[in-house]
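Q: What follows is each chain in one-letter form.
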Amino acid sequence: MSAYRDKDPRIHGIQTTIRVVPNFPKQGIMFQDITTLLLDPKAFKDTIDLFVERYKDKNISVVAGIEARGFIFGPPIALAIGAKFVPLRKPRKLPGEVISEQYELEYGRDCLQMHVGAVEPGERALVVDDLIATGGTLCAAMKLLEQVGAEVVECACVIEVPDLKGRERLNGKPLYVLVESH
Amino acid sequence: MFAGENGPQEDPRLKAISDAIRVVPHFPKPGIMFQDITTLLLDHKAFKDTVDIFVDRYRDMGVSVVAGVEARGFMFGPSIALAIGAKFVPLRKPRKLPGEKIFEAYELEYGTDCLEMHIGAVKPGERAIVIDDLVATGGTLSAAIRLLERVGAEVVECACVIGLPEVKASPSITAAATLAMRKVLIH
Chain A
1 MSAYRDKDPR IHGIQTTIRV VPNFPKQGIM FQDITTLLLD PKAFKDTIDL
51 FVERYKDKNI SVVAGIEARG FIFGPPIALA IGAKFVPLRK PRKLPGEVIS
101 EQYELEYGRD CLQMHVGAVE PGERALVVDD LIATGGTLCA AMKLLEQVGA
151 EVVECACVIE VPDLKGRERL NGKPLYVLVE SH
Chain B
1 MFAGENGPQE DPRLKAISDA IRVVPHFPKP GIMFQDITTL LLDHKAFKDT
51 VDIFVDRYRD MGVSVVAGVE ARGFMFGPSI ALAIGAKFVP LRKPRKLPGE
101 KIFEAYELEY GTDCLEMHIG AVKPGERAIV IDDLVATGGT LSAAIRLLER
151 VGAEVVECAC VIGLPEVKAS PSITAAATLA MRKVLIH
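Here the protein sequences come in this chain order: A and B.
For the first sequence, counting from 1, position 25 maps to 25 in full-length UniProt numbering; every step adds exactly one.
For the second sequence, counting from 1, position 122 maps to 122 in full-length UniProt numbering; every step adds exactly one.
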């Protein structure tokens with residue numbers, strides 16, 4: 001599902017504030033830069049409002065954000081819908097007892113971690129990141145939450161790159177995005 | 001400057017905020033008592049109160065920029081920015097920001113690190129606050145202040161959830177950094 005397709009009037013303003021930076025972090029990649037969206041208070045507020053409107057009546061008690069850009073969008077959503085915020089982090093950043101989930105990169109592997117005890121069994125959770133590409137990171141995030149018995153209700157991203165088919169890697173879990181990058 | 005130092009006028013929300021922060025001994029190495037704010041983020045009321053206290057302080061100060069230090073500054077800064085109508089500017093570790101940027105090096109206990117900011121994110125004359133979860137030596141905050149001042153912004157204040165006043169500020173902190181008031185929520 002995407003708000004882009006629903007043609008919410010706020011989407012245009014959000015889309016135009018996202019900057020594309022060619023050849024970053026390496027040749028051939030058109031990087032979707034959300035920092036320019038964050039410089040536009042109305043567009044940033046509209047972004048958060050669109051997610052909050054969607055989730056506020058869905059009994060979500062956990063918003064899990066993926067390091068680091070998920071930390072920018074997740075907490076405002078969590079605060080507005082009355083949920084806790086849980087950071088999902090790269091290895092060795094979280095200070096307490098953690099659980100881990102590995103995932104594949106283009107070359108090699110990486111790992112996402114979550115604090116033990118942050119999420120209880122049966123809690124309803126959202127996973128938030130700025131962008132979904134291949135879906136590898138989101139998939140790892142969902143697995144962390146499912147490891148502790150939470151139910152992932154939906155994954156929410158500002159941007160989707162549909163050509164990379166990340167949506168298909170989410171094991172049937174729904175994905176909601178605001179804009180698509182072709 | 002500590003929010004908690006007002007004695008009987010102390011904001012009643014501060015105790016719950018302080019209680020929600022977990023101390024993890026010997027992280028990231030022996031001898032360090034790590035102040036873990038992730039438990040604060042799990043307590044919706046305490047997290048909301050944290051943001052509200054900062055918002056109440058800054059909403060009428062003409063602040064147009066909230067600069068957050070990667071990564072835990074990202075957890076607090078955006079909510080404050082949204083509430084006061086300011087832009088949010090992430091200050092990041094090297095090679096994370098995709099566009100043209102400037103950088104400032106700062107001292108670690110062993111070696112140096114570096115903070116970067118996008119060129120064009122902040123205009124001359126803008127009034128800014130810098131947010132991070134915790135201030136220890138002030139090295140990172142000093143680098144953040146220098147980045148903003150280099151582009152002509154005025155750093156009104158640095159705001160942190162936690163201050164560690166027993167940690168001596170490192171000699172490399174500039175006079176400008178020590179003059180900038182450091183508002184912290186708990187002792």
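Hint data in this document are derived by calculation from the structure and do not stem from the laboratory.
Here the structure is a predicted model, which is why all the values come from computation and not from measurement.
Hints may be right or wrong, so weigh each one.
Reference listing, derived: stretches of chain B covered by chain A, where coverage requires no fewer than 3 residues with Cβ under 8 Å from a Cβ of chain A [as the list claims (entries may be wrong)]: (1) 12-19; (2) 41-49; (3) 102-112; (4) 132-142.
Below are the DSBU-like pairs computed for lysine-lysine, each with C-alpha atoms no more than 30 Å apart in a straight line [stated by the list, open to error]: (5) A:Lys26 / B:Lys45; (6) B:Lys96 / A:Lys45; (7) A:Lys90 / A:Lys165; (8) A:Lys143 / B:Lys45; (9) A:Lys7 / A:Lys58; (10) A:Lys26 / A:Lys58; (11) A:Lys90 / A:Lys7; (12) B:Lys48 / A:Lys165; (13) A:Lys26 / B:Lys15; (14) B:Lys15 / A:Lys143; (15) B:Lys123 / B:Lys29; (16) A:Lys90 / B:Lys29; (17) B:Lys15 / A:Lys93; (18) A:Lys45 / A:Lys56; (19) B:Lys96 / B:Lys123; (20) B:Lys123 / A:Lys45; (21) A:Lys93 / B:Lys101; (22) A:Lys90 / A:Lys173; (23) A:Lys93 / B:Lys45; (24) A:Lys90 / A:Lys45; (25) A:Lys90 / B:Lys101; (26) B:Lys101 / A:Lys143; (27) B:Lys93 / A:Lys58; (28) A:Lys58 / B:Lys123; (29) A:Lys7 / A:Lys93.
Note that CB positions come from ideal geometry on N, CA and C, so glycine has one too.
Q: Against each hint, give a clear statement of whether it holds in the structure.
A: Now the hints, each set against the structure:
no.	hint	in the structure
1	12-19	violated (count 0)
2	41-49	holds (count 6)
3	102-112	violated (count 0)
4	132-142	violated (count 0)
5	A:Lys26 / B:Lys45	violated (42 Å)
6	B:Lys96 / A:Lys45	holds (24 Å)
7	A:Lys90 / A:Lys165	holds (24 Å)
8	A:Lys143 / B:Lys45	holds (28 Å)
9	A:Lys7 / A:Lys58	holds (22 Å)
10	A:Lys26 / A:Lys58	violated (40 Å)
11	A:Lys90 / A:Lys7	violated (35 Å)
12	B:Lys48 / A:Lys165	violated (36 Å)
13	A:Lys26 / B:Lys15	violated (48 Å)
14	B:Lys15 / A:Lys143	violated (35 Å)
15	B:Lys123 / B:Lys29	violated (40 Å)
16	A:Lys90 / B:Lys29	holds (18 Å)
17	B:Lys15 / A:Lys93	holds (26 Å)
18	A:Lys45 / A:Lys56	holds (16 Å)
19	B:Lys96 / B:Lys123	holds (21 Å)
20	B:Lys123 / A:Lys45	holds (21 Å)
21	A:Lys93 / B:Lys101	holds (25 Å)
22	A:Lys90 / A:Lys173	holds (23 Å)
23	A:Lys93 / B:Lys45	holds (25 Å)
24	A:Lys90 / A:Lys45	holds (27 Å)
25	A:Lys90 / B:Lys101	holds (24 Å)
26	B:Lys101 / A:Lys143	violated (36 Å)
27	B:Lys93 / A:Lys58	violated (36 Å)
28	A:Lys58 / B:Lys123	violated (40 Å)
29	A:Lys7 / A:Lys93	violated (39 Å)
Hint compliance for this structure: hints 1, 3, 4, 5, 10, 11, 12, 13, 14, 15, 26, 27, 28 and 29 are not met, and every other hint is.
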